Amino acid sequence: MRCNMGGGTTTEIAVVPDGAGLDDFDWRVSMARVEGGGPFSGFAGVDRTLAVLEGEGIILDIAGRPRAEVTGASAPLSFPADVATTAALISGPITDLNVMTRRGRATHTVERLMVSAPTDIRPTTATTLILPLDGEVGVTDPTPSRLGPRDTLMIGPDVAQLHVEPVRPTTVFVIRIASLG
21 MRCNMGGGTT
31 TEIAVVPDGA
41 GLDDFDWRVS
51 MARVEGGGPF
61 SGFAGVDRTL
71 AVLEGEGIIL
81 DIAGRPRAEV
91 TGASAPLSFP
101 ADVATTAALI
111 SGPITDLNVM
121 TRRGRATHTV
131 ERLMVSAPTD
141 IRPTTATTLI
151 LPLDGEVGVT
161 DPTPSRLGPR
171 DTLMIGPDVA
181 QLHVEPVRPT
191 TVFVIRIASL
201 G
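Quick note: the sequence shown uses our numbering, first residue 21, plus one each step.
I should point out that these hints are in silico values taken from the structure, not numbers from a laboratory. No experiment lies behind these values; they were computed from the predicted model shown. Treat each hint with caution, since some may be false.
[As the list claims (entries may be wrong)] Cβ-Cβ distance ranges computed for the label pairs, FRET-style:
#, residue 1, residue 2, range
1, 185, 87, 32 to 42 Å
2, 174, 61, 18 to 28 Å
3, 124, 188, 39 to 49 Å
Just so you know, even glycine gets a beta-carbon here, dropped at the ideal spot from N, CA and C.
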C-alpha cells in the first residue's frame, strides 16, 4: 500500500491485522520518503522506531526529550508516537524505516546489523522481519531464499534460527514484534 502522508509518500511493508488502517493496527512496518520538515503524524497509544535508510538524516524534536539526530549510521530511535514531534531534514529528502506497535497489543525492537560473513540470527517467540538495506543476502529459514536491497522476509515464531549469508558486506535490519494478546 502506498499513501501520501504529510511531506512524502509511505509504502506499507506489513500490517497486523491484515488490512488494518492507521487507526486500528496492532503493529505496522513501513518505509516513508520524507520530502520536508514539519510535524510528525501522531498515533495515540503507539510506540514507534525510526531508522534512516537513505539521505543525510533527520533531526527530531520530541516533546520532553533532547533533540535527536537520526542518520544512516546511527542506531534506530524509539519514541512514543503520541507525543508532539517535529522534524527537520539535515540536507534534503530521506527515506526512513518506521516500525509501530500499539501499546497493550504488541511490542517491538529494531536492530541494525552490519553483516559481512555468514551469520545466524535467532528469532524470538515473535514475528521477525529481515530487511537488507544495501546488498543481497541469502537466507535459510530452513527454506533457502534470496533477498535484494529493501526486500523483506517475514517469519513466524516457529523458526528457531535464520542463517543469513551476504553476497558482500551489507546492513541488515532485524525487526522483532511480539504480540501481547
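For each hint, the structure was consulted:
| no. | hint | result |
| --- | --- | --- |
| 1 | 185 with 87: 32 to 42 Å | holds (39 Å) |
| 2 | 174 with 61: 18 to 28 Å | holds (24 Å) |
| 3 | 124 with 188: 39 to 49 Å | holds (42 Å) |
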